[in-house]
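Asks: Letter by letter, the chains look like this.
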Amino acid sequence: MQTNLLQNMRQTIIDHHSLILPALRDIIIIALLGFVLAFILGTLIALVTTNPNQNIFSTIAKKFFAGYVLLIRGLPLTVQLLLWFFVIFPLVIGLRLPAFTVAIIVFTIDGSAYISETIRGAVQSVDKGQFEAGRAAGLTNFQTMRKIILPQAYRNSVPQFGNELIGMTKATSVLSFITITDITLAANLIIARTFEPITPYLLLGITYLVIVYFLTLIIKFFEKVVFVRGRKYNSRKRFV
Amino acid sequence: MGENIIRAKGLSKHFGDALVLDNVNLEVKKGERIAIIGASGSGKSTLLRCLNMLEKPTEGEIIFQNERLDQGDINKKRQKIGFVFQNFNLFANMNVIKNITLATLMQNKSLNKEVVNRKAMELLTKLGLEDKAYAWPDDLSGGQKQRVAIVRALMSDPEIMLFDEPTSALDPELVKEVLDVILELAQTGMTMVIVTHEMKFAKNLADRVVFVDKGKIAEEAHPNELFGNPKCERLKEFLSKVLD
Ligand SMILES: Nc1ncnc2c1ncn2[C@@H]1O[C@H](COP(=O)(O)OP(=O)(O)OP(=O)(O)O)[C@@H](O)[C@H]1O
Ligand SMILES: [Mg+2]
Chain A
1 MQTNLLQNMR
11 QTIIDHHSLI
21 LPALRDIIII
31 ALLGFVLAFI
41 LGTLIALVTT
51 NPNQNIFSTI
61 AKKFFAGYVL
71 LIRGLPLTVQ
81 LLLWFFVIFP
91 LVIGLRLPAF
101 TVAIIVFTID
111 GSAYISETIR
121 GAVQSVDKGQ
131 FEAGRAAGLT
141 NFQTMRKIIL
151 PQAYRNSVPQ
161 FGNELIGMTK
171 ATSVLSFITI
181 TDITLAANLI
191 IARTFEPITP
201 YLLLGITYLV
211 IVYFLTLIIK
221 FFEKVVFVRG
231 RKYNSRKRFV
Chain B
241 MGENIIRAKG
251 LSKHFGDALV
261 LDNVNLEVKK
271 GERIAIIGAS
281 GSGKSTLLRC
291 LNMLEKPTEG
301 EIIFQNERLD
311 QGDINKKRQK
321 IGFVFQNFNL
331 FANMNVIKNI
341 TLATLMQNKS
351 LNKEVVNRKA
361 MELLTKLGLE
371 DKAYAWPDDL
381 SGGQKQRVAI
391 VRALMSDPEI
401 MLFDEPTSAL
411 DPELVKEVLD
421 VILELAQTGM
431 TMVIVTHEMK
441 FAKNLADRVV
451 FVDKGKIAEE
461 AHPNELFGNP
471 KCERLKEFLS
481 KVLD
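Those protein sequence lines, which keep their order, are chains A and B. Residue numbering for the first sequence follows the numbering used here, starting at 1 and increasing by one per position. Residue numbering for the second sequence follows the numbering used here, starting at 241 and increasing by one per position.
The following block holds chain B by itself, in its conformation from the complex (with noise of 0.2 Å):
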């Protein structure tokens, strides 16, 4: 495979005493998709939260395109990781197109809002919510958030793209709408990471399941691997609960 987009490297974080990630080593190629899965707890979020430094490492290094997130300017680099929230986290003070263009004018003076629009647009319409540009965060459902959220992320040409539980605070019926999209974009090629609840979804989308055990990588196979023929006893013991 390709190139490493990103790399955690001897990655812990402590919360007080306690510790929630313990020594983890991940990469992430360019291209592949991985679904990260685990118990409740178990450190998911914060493995992820990690990736671009919303939560600093107590010790280990975030490799992003072989240089250190942390060693120049962060932002930049974090406009290249797209981050998708499981409460969407849309910004209540402004409506969609607001939301959406935000960042992109914000670290580009010099763009042209216009043509910043433009991109904002046909992004939106992809996605469906042409008619949603000038609403507000208030008057959409769960999933058009999400999906405004999806296309914020994705406003910056994103070198990856991390979800955390992109479909848990959804109703039922609205999780396939945002779903279908992250299927749409892994279709185009885009590299990657999303924590989910989601079983049938990970085995569909992933290239690789990384299955998280307290703090812990305990296991990490391709999904037929991993699913049809899971190794330690905390997966299978975990795979005999969410399965079914």
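Isolated chain A (complex conformation) (with noise of 0.2 Å):
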């Protein structure tokens, strides 16, 4: 039975590759560049949100983000997926974009609502004295985000960044709303063939396990060696 099993999902592989493996690299490129995307867009957000300037344009602006990350946080994914290519795209904006295009968008601006969160929370629970330090040694405020505050905020988010990359990845298996192929609908596809649930599916749930996997080694290599370049800072205070 085992080996029979490990057999039928051989055979589902080679008789489908065709189909199963463009989905696979569509999914992949869909979540890794949305992800990296929301990354840069929360980013930005957050600086917006957590600058201690309070003029008027500041004040708008973060109002603004506000209002943003409360209407993206409050629609389901596959809702904005569903508003953008059929409504917000075609009708009221006049623009037909691939399927494709649609999704690294739709993934980019909901992922930014949660991530620029996480940064701004992270932001904020740095300690204040090394914001001070920054401008007291004649930093611009810019600067002092840049080199001092956001490594830090960073470095303190990676759990939550590894999560929010998870989530987009697993995301993925509603994008056959909008007419792509991911390897759901591709899972389908094989059972409408072959009118046989069980491979394909136990398939689809391990090929995505190990997608997953992966993904926790990239961001256990970001949480150990690219945001401490080897080294152990703040090793006291998380182990106390």
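Since the hints were derived computationally from the structure, they do not count as laboratory data. Idealized CB from N, CA, C, for every residue including glycine. Check each hint, because a few of them may be wrong.
[Stated by the list, open to error] Derived pair list, reagent style SDA-like, types lysine to any residue, alpha-carbon separation capped at 25 Å:
| hint | chain 1 | residue 1 | chain 2 | residue 2 |
| --- | --- | --- | --- | --- |
| 1 | B | K296 | A | G162 |
| 2 | A | K220 | A | F142 |
| 3 | B | K296 | A | R146 |
[To be verified] Far from chain B, by Cβ distances over 10 Å, these chain A residues were calculated:
| hint | residue |
| --- | --- |
| 4 | I93 |
| 5 | F100 |
| 6 | A133 |
If you follow the hints, you should be able to join the two separate chains into one complex; please do so.
Replies: Spelled out as structure tokens, the structure:
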């Protein structure tokens, strides 16, 4: 039975690789590119929402992004995909974009709302003295953020970034709503051809598990190496 | 005495409804060493922090070398005002040498990194910290951290150094190593304002002591005069509590 199942899976991959591999490629690109862009946009939003400046421009921008976060986090990702792909782009803006592009845009927008809040929280929990020391040394607000505050905030947020990346990856299973052949749709298509659900669905689950496993390795690498450059700063704080 | 380095004119500071500084005037001349003393919560730190505008005054102005501190490029002027915090505030995400050179390198992109590093090493060596250049802040003692913080402030050749209770967060046996560094700095003619609870140190170091009470400068005089012959009641009361 066990070898039988493995053989079936192997056979399924061989028979349907022209369906599975492009689907796999697409969801990985959408998740990774979506995450990277969401990270960049989330950082920019957090720079605005944590800016100590209290002038009118800054105040309005903060209100705007508070509304943005509320709106985006209030809508399920699937609903956002449907709205952008079937309503906003074609009917409101009058732009026919490929579903693949729309998916990356929506993942970026959705992810940026969560990531900006993660970064905002992390920035606010960096000791105020760090910020004051930067400003007292004559660094600008932006230089202080870039060189002192954000590196500490990023490092403390790696676990949450990991959650977001994994969440985005798993959210690719709803991409067929906007006509993208993701691996979930691929599994369904295979079942429609073979009338056998066990192997494709098991294969589908295993595929997601393996992807998430590799992402976890990448996240660990960032946590242990990239943000510490092999050093152990804050090590005492973390282990007491 | 010489020219004014920093001058606070009609300085007031509110935190919400609380009036923490009340129309304070203070002049610091080149080469002067001023000690600020006063009870906890009297507004000493707020006064010091207003001098480099870490705290924005509600009223009044800060004149730095004949120009308003908040006019023009405040960051350029702040490079010439060294500030040392009670809690050191070394940048936690970088080692000692990067802590020291960061601001200089950020502000003068044309400077050669080697040259800046050499200057940092020279200063570290002067303060006996040359073997800590590549250590991380977490791995230093409190006294070492504060000496690194002093080096960091000295890197931009400041006109004046502001110290906010530089030894209050230190274990008693580490206080002396930091006070000695400050005394040495004073002997080089550095202009400085230091908020301190160490009365003996204030007496040895300062050529003017400023007593702050409830957000006002209640008395200021040469230490011999101020400690030997205090005039206002609040100061007498304060000294009777802290001296003996
Ligand atoms: N950011 C702030 N927000 C609100 N109140 C503040 C703030 N900073 C200081 N205060 C208040 O202002 C008053 C003066 O504070 P300050 O820190 O200047 O006193 P201090 O003389 O330095 O005291 P200490 O000797 O304890 O350091 C205190 O009552 C304090 O609670
Ligand atoms: Mg204080």
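Asks: Grab the minimum beta-carbon distance between F100 (chain A) and chain B and tell me whether it stays above 10 Å.
Replies: Non-interface label stands for F100 (chain A): nearest chain B Cβ at 38 Å, farther than 10 Å.
Asks: Given the hint that K296 (chain B) pairs with R146 (chain A), does the C-alpha gap stay at or below 25 Å?
Replies: Holds: K296 (chain B) and R146 (chain A) sit about 23 Å apart, inside 25 Å.
Asks: Within a Cα-Cα threshold of 25 Å, do K296 (chain B) and G162 (chain A) meet the stated pairing?
Replies: Roughly 39 Å between the alpha carbons, so the hint for K296 (chain B) and G162 (chain A) is violated.
Asks: Closest CB-CB distance from I93 (chain A) to chain B, is it above 10 Å?
Replies: The assertion about I93 (chain A) holds, with a minimum of 41 Å to chain B.
Asks: Keeping to a limit of 25 Å between CA atoms, is the pair of K220 (chain A) and F142 (chain A) held or broken?
Replies: violated, 29 Å
Asks: For A133 (chain A), is the shortest CB-to-CB distance to chain B above 10 Å, so the non-interface label stands?
Replies: violated, 4 Å
The structure shown violates the earlier hints numbered 1, 2 and 6.
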